[in-house]
Amino acid sequence: MAEEISFIHAADLHLDSPFKGLSNIPESIFHQVRESTFAALDRLIEVAIHKQVDFILIAGDLFDSEKQSLKAQIRLRRAFEKLQSHSIYVYLSYGNHDYIKGNRYPVTYPENVFIFPDEKVSNFTFTKNGVDLAQIYGFSYENRAVFDRKAKSYKMNNKEIAYHIAMLHGSIVSNTDHDVYAPFQISDLVEEDFNYWALGHIHKREILKHSPPIVYPGNIQGRNRKETGEKGCYHVTLKDQQAELTFIPLQVIEFQSKSVDVAHCKQIHDLEKAILQEISDLTGTQLIDLTLTSDYPSLKLWENEKQIEDIMDLVNETTITETNWKYIFRVSTEVKQAIFDEDMVNDNHFMGELSRQIEDTSILPYIGELYQHKQARRYLEPLSVEEEKEIKKEAKQLLFGELLKG
Amino acid sequence: MNDLKILHATIHGFGKWVDHTIEFSEATCIYGENESGKSTIQKFILFMLFGLAPKQRAFYRPKTSGKMGGTMTLLHPEVGEFRIERLDEVNNGAAVCFTENGETHDEAWLKERLNGMTVKTYESIFSFSALDLSDIRSMKDEDLGEVLLGIGMTGSNNIYSIEKKLDAKIGDLFKPSGKKPVMNQKIESLKRVSDALQSFREVEVSYREKKDTAAQLEQKLAKLQRDLKEENKFAFTIEKELHALPIIQEYHKFKKELENYPKVIQFPENGVERLEKWKELLLPLQSEWNVVTDHEKKYNQIIATLKLDLYAETIQMEADGILSEKQQILSRLNELKKLKLAISRHELQINEEVDRLQLGMQVDELASLELPFYLEKAWTKLKNETEQLKLEAEQLENEEKQLKQEKNYIDNQIKQLEDLLLSDSHVHELRDRLHAFKSNQLLRKLNEDAQNREKERSKEKQRTSNTLIGSIITAVLAGVGALITDYSWLYTVMLIVLVLGIGQWLMTKRNHKQFDSVLRAYRQQSSEHVTEEERREAEDLLDMQDKYKHELAAFQEQEKLGHIQYIKWNEKQNLFAERDRRLQQQIHNQFESYPFLKRLEIVYWPELYHHLRQVLKLIKDWQSHLDETAVIERQLANYHRRLDLFVEHAGISDEEETLEGKLEAIEEIVKMQQEKQKELTYYEQLIAELKEKQYEIGQSMQTYEIEMQRLFEIAAVDTEELFYEQARQYEEKHTLEMELEKTTAQLRNLLSVESYQQYTETIVTETALEMKRQQSESMQKSLEEQLETVRGNLADAKAELVAMESSESYSTSLHQYEMETEHFNQLAKEWAVLKTAKEMLTETKRNYRANYLSKVMEVTTLYFKEITAETYIQVYAPTESNPFQVESSDNIRYTVNELSQGTIDQLYVSLRLAISKIMSEKHGLPFIIDDAFVHFDANRIKKIIAILQQVAKKQQVVLFTCKQEIVSAVTEMKQIDITKKL
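For the record, the sequence lines run as chains S and G.
First residue of the first sequence? That's 6 in the numbering used here, and the numbers climb one at a time after it.
First residue of the second sequence? That's 921 in the numbering used here, and the numbers climb one at a time after it.
Chain S on its own, in the form it takes in the complex:
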């Protein structure tokens, strides 16, 4: 009967890395957004102290080397120092975003922090009351990428020790949404009898397997519209072969995807009320990715005319003042009915030609003026194929809308 241990498992802190997809947000929110990753970290520390855990595992990507700020590491150090004063250990490995060789700042962490020093899988022993209680295994990325199947290098040693916990920053072989680093298959992980697999790299929380637990805790603060919902860490208690996992949300700002049916809105001004009504149901501080749906093409027209934008400004003006503010940072529209009659397009010689032209022609030569512009291109991200399609689609909608108007 070994003593019970408890720890916090977190990953992908991405401290101080900017949010994606936010533009033109008001100053008050901007400040909070900026501080959100740190605030989440502070919460993480508070939770650890409150729960009196033995240690914290952070499985990589604590910050982004490419946009590394000194602040991130200093705040991290402060957080660790706070943990040190509560005798909580930290075991951390570096991932593909904070790989060792990319680190610019020589910030030294306090002695309660154990960092896996290189790409070789090594281990630390956690000792409590003079008893070696847990072996913690892991490795750090030295370079931007690790393509080896690292999972196979995890071998348990010193089996008298009660608990064996593996930390791995990587993704499942079959994952296609993310860069596949240190690829593994679940079968690789259960080869050895580890008590817990603390994974990192994938920002979406997921328990791949319950026994033994193989867990992605996700990141602690959503940073773009795709990282929606609650974000946080797992509080894990190990007792012999039993593992008890509790998710603890840490995010200070939640990304939310919200769809509102505005078919009943006859006038553009009706929108404001409808939207406000829907939003008021949401709790917590929210950044909202709003989708307006309607049966009528008028919605698209409003959008084309930038009227919807104006409405959003009105809505945001209202919601932003609340303590748990809400802010619609993106709005898109969906009209169930076809916006224009395909027959009409077919019948019309010119529109038919136009439709074909749009289908068949690449937009790149048209937009080169901007995207190849000497100054502008420095700030522009090259368009993806999807984005190109999107632009085409919108251009088509715009043209047809205009041609058929009245």
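Please note that the accuracy of each hint is not assured.
[Stated by the list, open to error] Straight-line alpha carbon distances no greater than 27 Å define the calculated DSSO-like cross-link-like pairs of lysine-lysine that follow: (1) K1095/G <-> K398/S; (2) K25/S <-> K1111/G; (3) K311/S <-> K1099/G; (4) K379/S <-> K1131/G; (5) K1084/G <-> K1537/G; (6) K397/S <-> K1089/G; (7) K106/S <-> K1131/G; (8) K271/S <-> K231/S; (9) K379/S <-> K1111/G; (10) K1040/G <-> K379/S; (11) K1085/G <-> K311/S; (12) K1099/G <-> K379/S; (13) K311/S <-> K1084/G; (14) K87/S <-> K1131/G; (15) K1140/G <-> K341/S; (16) K1085/G <-> K394/S; (17) K398/S <-> K1089/G; (18) K1130/G <-> K87/S; (19) K1100/G <-> K311/S; (20) K305/S <-> K1358/G; (21) K1089/G <-> K394/S; (22) K1749/G <-> K263/S; (23) K1596/G <-> K25/S; (24) K1469/G <-> K1358/G; (25) K72/S <-> K1749/G; (26) K394/S <-> K1749/G; (27) K56/S <-> K72/S; (28) K1131/G <-> K72/S; (29) K1749/G <-> K305/S.
Treat the hints as calculated values from the structure; they're not laboratory data.
Take the given structure of chain S and dock chain G to it, following the hints.
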């Protein structure tokens, strides 16, 4: 006909028409004057196909009837016949379609059948105003394009206005080289943020540097602190050293003084006292020593005087030598007398002997004669040999005589036998006779043999022939075999066999020939006959002859032997002569050595030898006595010379002449010398005694002196003076060392080990120390200042680090940059949409024009060619600078202005028809033409009608006209006169 076709239309009520039915065929010409309701029918068709807006429906509501609407039956290539029914009051004029199979369909279905054609398009295609094209003369490509576009764009907004709107929006957002537009401004602000970000990033990058700097400063600070502490310690030391300076100086004074003394002064303990004691004991002994020495001196003087009187030792020894030989000399004198007597006796004897021998030789000649030991024997041998040879000579003479007698006898015998022998011819004849007899007998026997042999020969001949044939066959076989098998060795076999066969045959043939010839010879021989008697007589004669011959041979043998003996004798004779010659030679040799022998016979030679020996012995003795005498005389002369020499040397008076006298004088001298010697010996003994005494005193003195010497040795000096000097130095040095030790102890107390070492090694002055103190002070000051600076720098660095660590600038501007970039990208997309829209529109417009224009021109050419009966074969679209052009059949191009009005009209119609055809082609709807040919003369109308009739084969044509000429021109069209006037 693949296209839709109107079969008939029934108007229940539409405008002025009520309950009217029109039947259509492929080509239908509907005639009516203006205001005859022509257009209404046209409108009805459109109504049936596409419906009408309520207002228009109201407009066409018949004033005379309550019904508004009708039906129209169409033939669809796929669906077949169907009927469209539209009634104003039913469902807002919506169409209901009835197919032949009884199905009912709605408006949407109809739309589908019409291929999406709308009324607007339909109208634009078929009823665009004639004015649009009327000014064909000055038409440019742009204009024509616009016409086409106008048809294509029916039902949509003006492209131009959309383009303008888009352009404005695009320009509001971004201009590649603008400043005002939103995005251009955004670029500026982004640049600012980006620059700020960059500078903040640089600041943050310097964090590592600053941290290093801080670490270095900390190290430097620690080092400076250490240095200062050291320097303080140093200053304190100098202070102490200054205090100790007098003692140091004293120390060095003593040290310097000490340096004047040898490093080590050796001196015995209480040396001076000890030396004094030994000296006291030595003094009495020394005075005694002096007395003895005085005596010794005196005696030595005496001895010296005595020695002067003495002859030199050599002289004395010489005298002794001379005297010792005195006796010997006297005996020598006697001996000499005796020898002289013996010599004279010998001389007498010798002379007697020489005379007796009478050899004619003098004594001195004899004395030189030598007689070797072998001479006696040689002489005896010569004597014997001479006698021997005499005997042998006689013997040889006898032998010769005997040999000559034997020879004579044999010669006689031989002569007799030779006379008895027969002549050779006679013997020969006898022999032949015997031989002939034997031959006859042999021949007989041979003949018998020959007969036998003849038989064998024929047999052999047969065999040989067989062999030859066999070998030829074998050879042929071998040859054939070789040809067939191609074994070359078979050729060889063939050749060998052939050669062997032929060889054998040839050999046998030759043998037979030879044999035959022999046989023939035998047979030819004569056959002489000899009788038996003759044979016997011959035989006897021959026997006798043989006997004599034998005897003769025996004597001849003896003769030969005799001859051999003679030869042997000759040899002996020769041998003897040789020996005699040698003997004579030897005798001659003796004569040469001893000439006196010539006087004597050989037989006396041995005897002479003995006599000679005796004489020689006598001579020898005499000679030896002579030699002895000479020796003694020489000795005496020597002795005498010595005496003379001595006397001269010793300085003895030369008075005595004789030997004896001289000897006596010498004896006298020797006696005197001996007396003086005795006196000398006495004094020498005295001195020896003195010496002994001296030795005793010396021994006693030596004991003390050794003690003193030991003291000197310890002090390493030779003399007493030096010893006392050493004693003084020793004392002084000791005192100094004591003083030095005292100061050393003091310094050790005052100074540190290092400075003690330093200052005891080198001399230090007060100024030097003072300088050092000042230096140290300034060093301290400088260090303190440095310390202050570094401390300040470190504090600054740390403050900077803290500031950096707590700085939000980079972080903030990073987020800001990200956000603004995001916004910029959004704007960019917005712009991209607008831009794409605009460009697509422009592009499509261009393509549309280009595409349709060429098609239209193609069809126009076709029609124009037909209308002008191929006077013109090509139509060229107008370009920017040129109007329409046509090409005549003789390939001359004309611009539209050069054509006659009529031709222009033809071109117009061609164009008009072509446009309609191209634009409606897709939909396959009936071709409805309304009064297009106003200006045409009858001739042209005919042509146009022809074209239309042509068109009608593919597409239904409905022609509305108000001109009778046209009606009369249509031949293949169904004609409907709505005015019923015609």
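Next on the checklist: Check the hint pairing K1749/G with K305/S against an upper bound of 27 Å on the C-alpha distance.
Outcome noted: holds, 17 Å
Checklist entry - Has the given pair, K25/S with K1111/G, been kept, meaning a C-alpha gap of at most 27 Å? => result holds, 19 Å
Checklist entry - When you check the alpha-carbon spacing of K311/S and K1084/G, does it fall within 27 Å? => result The hint holds at about 18 Å.
Item to check | Holds or violated: K271/S to K231/S, with C-alpha atoms at most 27 Å apart | outcome: violated, 31 Å
Checklist entry - Keeping to a limit of 27 Å between CA atoms, is the pair of K1140/G and K341/S held or broken? => result violated, 75 Å
Item to check | Restraint check for K1130/G with K87/S, where alpha carbons must lie at most 27 Å apart | outcome: holds, 25 Å
Item to check | Restraint status (C-alpha distance of K1085/G to K394/S at most 27 Å) | outcome: Holds. K1085/G to K394/S sits at ~23 Å (cutoff 27 Å).
Checklist entry - Does the alpha-carbon distance linking K1469/G and K1358/G stay inside the 27 Å limit? => result At roughly 25 Å apart (the allowed maximum being 27 Å), K1358/G and K1469/G satisfy the hint.
Checklist entry - Does the alpha-carbon distance linking K311/S and K1099/G stay inside the 27 Å limit? => result Roughly 23 Å separates the two Cα atoms, so the pair holds.
Checklist entry - Taking 27 Å as the top limit, are the C-alpha atoms of K379/S and K1131/G close enough? => result Distance of about 38 Å is beyond 27 Å: violated.
Checklist entry - Given the hint that K397/S pairs with K1089/G, does the C-alpha gap stay at or below 27 Å? => result Distance of about 17 Å is within 27 Å: holds.
Checklist entry - Within a Cα-Cα threshold of 27 Å, do K1749/G and K263/S meet the stated pairing? => result holds, 23 Å
Checked against the numbered hints given earlier, the structure breaks hints 4, 5, 8, 10, 15, 20, 23, 27 and satisfies all the rest.
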